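Asks: With this note's numbering, letter number 22 in the sequence shown gets 214, and the count goes up by one each step, no holes.
If you're looking for bench data, these hints aren't it; they were derived computationally from the structure. Please note: incorrect hints may appear among the correct ones.
[Stated by the list, open to error] The calculated label-pair distances, taken between Cβ atoms and stated as ranges, are:
no.	residue 1	residue 2	range
1	320	279	25 to 31 Å
2	317	226	39 to 45 Å
3	294	211	38 to 44 Å
4	286	318	40 to 46 Å
5	284	244	27 to 33 Å
6	210	285	39 to 45 Å
All figures in this text were calculated on a predicted structure; none of them were measured in a lab. Where a beta carbon is used, it is the ideal one built from N, C-alpha and C, also for glycine.
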Amino acid sequence: MTFEGLYCDKGMGFYWEATLEVQRLMLTLGIFLPDKILRMIYYQLLTILILFHHNFIQPYKYMWSNRAASLSLLLLVFGTMINALRACFLDAGLLPVGRISHMFQILRIIENLFPSILVGFIVFVLIFRKR
193 MTFEGLYCDK GMGFYWEATL EVQRLMLTLG IFLPDKILRM IYYQLLTILI LFHHNFIQPY
253 KYMWSNRAAS LSLLLLVFGT MINALRACFL DAGLLPVGRI SHMFQILRII ENLFPSILVG
313 FIVFVLIFRK R
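Produce the complete structure using the sequences and hints provided.
Replies: What follows is the structure in structure tokens.
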């Protein structure tokens, strides 16, 4: 079942839903990578590729829908970057000290704010959308 009314072009529904399934499959295949750092880099590059693809295609009919999806993907990219940085330190067996320790605390705070930023954006879109 496709939701043709949500997409910008007629026939785009099947294409975009198939694209989303392929993206999910590619994200799932990352669990089979044996090295943690390699897995983090894979997820980071894959999320960046998905973000660029989404911004190039602009699949949804309404501008706010595309922006909300892009913001969600951008937060996912930032999350994978933060986790990749953290994984590099942990894999090397290093404990962050000094300035780097403060940077990790700031990154953790930013990462914890991601859901509230996304919810705030969705509320903003729902309040100020055209009817």
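Asks: For every hint, state whether the structure bears it out.
Replies: Taking the hints in turn, this is what the structure says about them:
no., hint, result
1, 320 <-> 279: 25 to 31 Å, "violated (39 Å)"
2, 317 <-> 226: 39 to 45 Å, "holds (41 Å)"
3, 294 <-> 211: 38 to 44 Å, "holds (40 Å)"
4, 286 <-> 318: 40 to 46 Å, "holds (44 Å)"
5, 284 <-> 244: 27 to 33 Å, "holds (30 Å)"
6, 210 <-> 285: 39 to 45 Å, "holds (43 Å)"
Consistency with the previously given hints fails for number 1 only.
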